[in-house]
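J.: Each chain, written out:
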Amino acid sequence: EAAVTQSPRNKVAVTGGKVTLSCNQTNNHNNMYWYRQDTGHGLRLIHYSYGAGSTEKGDIPDGYKASRPSQENFSLILELATPSQTSVYFCASGVNSDYTFGSGTRLLVI
Amino acid sequence: GDSVTQTEGPVTLSEGTSLTVNCSYETKQYPTLFWYVQYPGEGPQLLFKVPKANEKGSNRGFEATYNKEATSFHLQKASVQESDSAVYYCALGDRGNTRKLIFGLGTTLQVQP
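Order-wise, the sequence lines are chains A and B. Under the numbering used here, think of the first position of the first sequence as 1, with each following residue one higher. Under the numbering used here, think of the first position of the second sequence as 1001, with each following residue one higher.
Everything labelled a hint here was simulated from the structure, so no lab data went into it. Quick reminder that beta carbons are idealized off the backbone N, C-alpha and C, glycines included. Be aware that one or more of the hints could be misleading.
[Said to hold, decoys possible] For lysine-lysine, the following DSSO-like pairs were computed, each having C-alpha atoms within a straight-line distance of at most 27 Å:
1. B:Lys1049 with A:Lys57
2. B:Lys1068 with B:Lys1052
3. B:Lys1056 with A:Lys57
[Said to hold, decoys possible] From chain A, some residues computed to sit far from chain B (all C-beta separations above 10 Å):
4. Asn28
5. Gly40
6. Ile77
7. Ser84
8. Gln85
9. Leu108
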């Protein structure tokens, strides 16, 4: 069954540390997306990709980098994590804006 | 920029009553409109989409009509069940290369037995 798998499911990080969130999809979709979900803000787009080797800035890219080494994998990187990046992060793959979301990564930065 | 505004929650209903979640949008393009649903501990999942103005989408008893003139896409269900308790997101989709979605803030629905 086609799916989007995120890891880790939960993460506690120290302020100033590096965090990598991973996403793997078996849908063979070209487009992949990273969103964060916060109360009062809904889902906001951080980075997205059109395919292997491509990354594009979304609406709130500051403090985040992305990497798409292959069709299947799309990572979100926080080089210097801050408490304001405490959130739930969702990865999605999609075609024609029909997204399949992963189950999310809950990140706490202390 | 593009934006989506929807009913503020939480919305609490009794089983068997009707639901309306209002959604309005702003954009200069001609978007596809979506409703997504999110259950606790899961990612959002597509409820249905409508790509064309004046058409209706539906799934699991939920429905919404794409009203381009009023820039609205209200979600309705005639009779809710406890299993409908979830967060509902209205979204507009870019028809360009990005195919990105702009989401509303979400509306939490709690249905009491």
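J.: All hints are to be evaluated individually against the structure, with a verdict given for each.
T.: Results of checking the hints against the structure:
no.: 1; hint: B:Lys1049 with A:Lys57; result: 25 Å, holds
no.: 2; hint: B:Lys1068 with B:Lys1052; result: 9 Å, holds
no.: 3; hint: B:Lys1056 with A:Lys57; result: 33 Å, violated
no.: 4; hint: Asn28; result: 15 Å, holds
no.: 5; hint: Gly40; result: 7 Å, violated
no.: 6; hint: Ile77; result: 20 Å, holds
no.: 7; hint: Ser84; result: 19 Å, holds
no.: 8; hint: Gln85; result: 19 Å, holds
no.: 9; hint: Leu108; result: 16 Å, holds
Comparing the model with each numbered hint stated earlier shows that hints 3, 5 do not hold.
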